[in-house]
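Protein sequences, first through last, are from chains R and H.
Each step along the first sequence adds one to the number in the numbering used here, with nothing skipped, and position 47 is 47.
Each step along the second sequence adds one to the number in the numbering used here, with nothing skipped, and position 105 is 105.
In case anyone wonders, no lab produced these hints; they're calculated from the structure.
Incorrect hints may have been included.
What the hints assert, rightly or not - Straight-line distance between alpha carbons at most 25 angstroms, and here's what the computed DSS-like set of lysine-lysine pairs gives: (1) R:K42 <-> H:K22; (2) R:K69 <-> R:K58; (3) R:K69 <-> R:K49; (4) R:K42 <-> H:K19; (5) H:K19 <-> R:K49.
Keep in mind the model is a prediction, meaning the values are calculated, not measured.
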Amino acid sequence: AQSVTQLDSHVSVSEGTPVLLRCNYSSSYSPSLFWYVQHPNKGLQLLLKYTSAATLVKGINGFEAEFKKSETSFHLTKPSAHMSDAAEYFCVVSDQGSSYKLIFGSGTRLLVRP
Amino acid sequence: ETGVTQTPRHLVMGMTNKKSLKCEQHLGHNAMYWYKQSAKKPLELMFVYSLEERVENNSVPSRFSPECPNSSHLFLHLHTLQPEDSALYLCASSQVLGQPQHFGDGTRLSIL
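So that you can see chain H by itself, here it is in the shape it has in the complex (with noise of 0.2 angstroms):
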């Protein structure tokens, strides 16, 4: 049980869909995050929130949307995607920023 549950665990869209990826923290933690996992590569962050403001957009393309209702929920919005951006998404949270980070096990993406 990771505390870091992500929804759905597995998607599959074409480039011109439109699909959104959830994350919920059962921690109480204050700050999440969005990472990238392709393989071959190292994990890329993508965007960092802390108490629901967004601290780090790393140059992440716009048709990555992030959004940060509350400090328990994290989405991903996705909107005409390539294929490159087939990879295994991944949410974290920490107590605070700087902290040890907690992930969830992913949402493993697939763009036809």
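The shape of chain R in the complex, shown without the other chains (with noise of 0.2 angstroms):
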């Protein structure tokens, strides 16, 4: 079955250093893998998708993620930190089966200090 594993609850960084959110999946196929961003009393919004085709995704925002198939990771990376930044990340998996079918992570809460 298809899983992942968000490696940090919380991560906290200044204002204008790099993001590093850490994500790794289970899967016993070639995935599709999403990442979503959530503020605060809002909604999902997708920030970019993994879909098998260049393994370095660019999203929207400034963030980019790298699918690396021998660590089985999907880091999301974002080179300069904004204070609008501040949110949960969740790193997200398409079941096999059923397409459709999102399989979350347990989230990554962004603290942006100024």
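Both chains are given apart, each in its own frame, so use the hints to dock them into the complex.
The following block contains the structure:
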């Protein structure tokens, strides 16, 4: 069965410094992977998706993620954090049998210090 | 502007009440979804509709009853809920099943 593990429940960075949010996946096939962001009192917004094309995926707001099959990882990065990046981030894999079923990680809360 | 609108944003109800949550999407999508987001738990898929037909009922108790009258509207009818049903209920839509999902801002439900 597919699953994702977000290795950090909370990450704190200073404004202007790099962001790294870690995600490992488990899948017996080539998965579709996503990162979503949720700001307080808001729904989820798609940041980026990987669907077996380029392994380095660029998303919105300067975020990108790299699919590494050998490490079963799909970490989210951004070169320079902005205060508006403070939110909760979810790593997501789609179910092999039913691609519309999204399997969510437990989330990483990003805090950005001034 | 998300394109997926949920009403109400907040709802407080007693365990014996009957209420409905509404979701409307303005994106021309054909698939719609209900999720439950509880504190300290991953998002749980509840129901999936494609072209107004239910394709997924993810072992949800019968006190939750979905309705999809057309491809733009999705309802979640609630009756005799339990305190553990307090959560954020999120609606999403996608062009077709399997395409990226667009989420609404959710309804925060509190059961007294």
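Next item on the list: For the pair supplied as a hint, K69 of chain R and K58 of chain R, confirm whether the alpha-carbon distance does not exceed 25 angstroms.
Entry: Satisfied, since the Cα-Cα distance of roughly 17 angstroms is no more than 25 angstroms.
Check: Is the straight-line distance between the alpha-carbon of K42 of chain R and that of K22 of chain H 25 angstroms or less?
Finding: This hinted pair holds, its Cα atoms lying about 16 angstroms apart.
Note to self: Please verify whether K19 of chain H and K49 of chain R have alpha carbons no more than 25 angstroms apart.
What the structure shows: violated, 36 angstroms
Margin query: For K69 of chain R and K49 of chain R, compute the direct alpha-carbon distance and say whether it is at most 25 angstroms.
Written below: It holds: about 15 angstroms lies between the C-alpha atoms, which stays within 25 angstroms.
Notebook entry, point to check: Given the proposed pairing of K42 of chain R with K19 of chain H, does the C-alpha separation stay at or below 25 angstroms?
Noted result: holds, 22 angstroms
Hint compliance for this structure: hint 5 alone is broken.
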